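Input sequences plus hints: build the corresponding full structure.
According to my numbering, the sequence shown is numbered sequentially starting from 19.
These are computed hints drawn from the structure, not numbers from a lab. It should be emphasised that the depicted structure is a prediction, and the values quoted were computed from it without experimental measurement. Be aware that one or more of the hints could be misleading.
[Claimed, not checked] Here are the simulated DSSO-like cross-link-like pairs (lysine-lysine), alpha carbons at most 27 Å apart as the crow flies:
1. K306 to K60
2. K60 to K214
3. K214 to K31
4. K306 to K31
5. K306 to K214
6. K60 to K31
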Amino acid sequence: MYPTIEAYLDALKTALAGADTALIQDAQADAFEHLSMVLEAKRATAPDLSVPDALAAIIEGYGTPEETASAYREIERRTSPTLKQPGKPQSLLGRVFGAYVDPRTWGALLFMFITFVTGIIYFTWAVTGLALSLGFSILIIGLPFAILFLLSVQGVSLLEGRMVEALLGVRMPRRPLFAQPGLGGLERLKALVADKHTWLSLLYMILQLPLGVAYFVLNVVLLSVSLAFILAPLGDLFIQNPNFTIQLFWLTNPIWVLILLPILGFLLLTLTMHLARSIGGWHGRYAKWMLVNQKPLSS
19 MYPTIEAYLD ALKTALAGAD TALIQDAQAD AFEHLSMVLE AKRATAPDLS VPDALAAIIE
79 GYGTPEETAS AYREIERRTS PTLKQPGKPQ SLLGRVFGAY VDPRTWGALL FMFITFVTGI
139 IYFTWAVTGL ALSLGFSILI IGLPFAILFL LSVQGVSLLE GRMVEALLGV RMPRRPLFAQ
199 PGLGGLERLK ALVADKHTWL SLLYMILQLP LGVAYFVLNV VLLSVSLAFI LAPLGDLFIQ
259 NPNFTIQLFW LTNPIWVLIL LPILGFLLLT LTMHLARSIG GWHGRYAKWM LVNQKPLSS
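And the structure:
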């Protein structure tokens with residue numbers, strides 16, 4: 019017998035101990051939504067029915083926490099990961115150059131470039147939304163605007179999580195948080211403000227701007243230098259005009275320089291690939307810590 023929905027959610031979390039935190043959030047969000055909606059419907063048709071008795075009847079059809087946890091573990095086991103990690107190479111060359119065939123490397127590179135754009139959007143929306151929410155707080159539109167803004171923050175959190183999972187291969191929540199039904203505007207705002215997930219998501223949005231700029235600069239510099247070194251011999255073939263105001267240094271250097279530069283460029287490119295994959299792994303763990311909330315929004 020579970021006296022409240024929160025007690026059921028706590029039991030479900032215990033039953034899912036050791037599972038991925040994003041899976042726990044999805045399971046709790048689904049259970050919270052189902053139990054809340056059905057409980058509200060039952061109480062509307064039978065006002066004299068106590069909450070524990072109503073929950074007992076609902077749980078009988080929905081499943082005990084142990085049964086629900088087992089079902090979610092089985093679904094997770096059968097679901098293929100977004101990015102399949104290649105087998106760990108045994109040789110030294112395989113470990114060094116395996117980054118080129120690892121989908122996580124290319125996903126991380128793409129994510130780092132995209133973060134430059136999303137970081138600007140997130141930062142602008144977060145700062146503007148906060149400023150307008152505070153400015154409108156003395157007006158009648160202040161309450162609904164603040165609610166919509168904080169809900170949009172949680173929406174961005176879900177969207178960013180899906181992108182992180184798709185490009186970085188880190189399991190993230192796949193379902194939005196479900197709010198307690200029947201809450202008034204002020205109660206809804208209080209619940210959003212009291213939820214630390216809201217503020218962590220907002221902080222994540224703000225921090226994406228400096229991270230996006232750093233990722234973009236790092237990628238552009240390293241990739242540009244790597245490709246410039248690799249293509250240096252081709253440049254020597256096409257740039258032979260002595261009247262050039264700017265002379266590239268390899269034009270007056272011995273042939274061994276033209277041989278050495280592509281080798282250095284390829285090694286630098288390989289290092290860039292490993293660095294991108296490492297940054298992608300770090301950002302995935304960082305995003306999971308910031309954006310995963312193991313307990314759905316309640317009153």
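Structure-based check of each hint:
{"no.": "1", "hint": "K306 to K60", "result": "36 Å, violated"}
{"no.": "2", "hint": "K60 to K214", "result": "31 Å, violated"}
{"no.": "3", "hint": "K214 to K31", "result": "18 Å, holds"}
{"no.": "4", "hint": "K306 to K31", "result": "17 Å, holds"}
{"no.": "5", "hint": "K306 to K214", "result": "14 Å, holds"}
{"no.": "6", "hint": "K60 to K31", "result": "25 Å, holds"}
Violated hints, listed in ascending order, are 1 and 2; each of the other numbered hints is respected by the structure.
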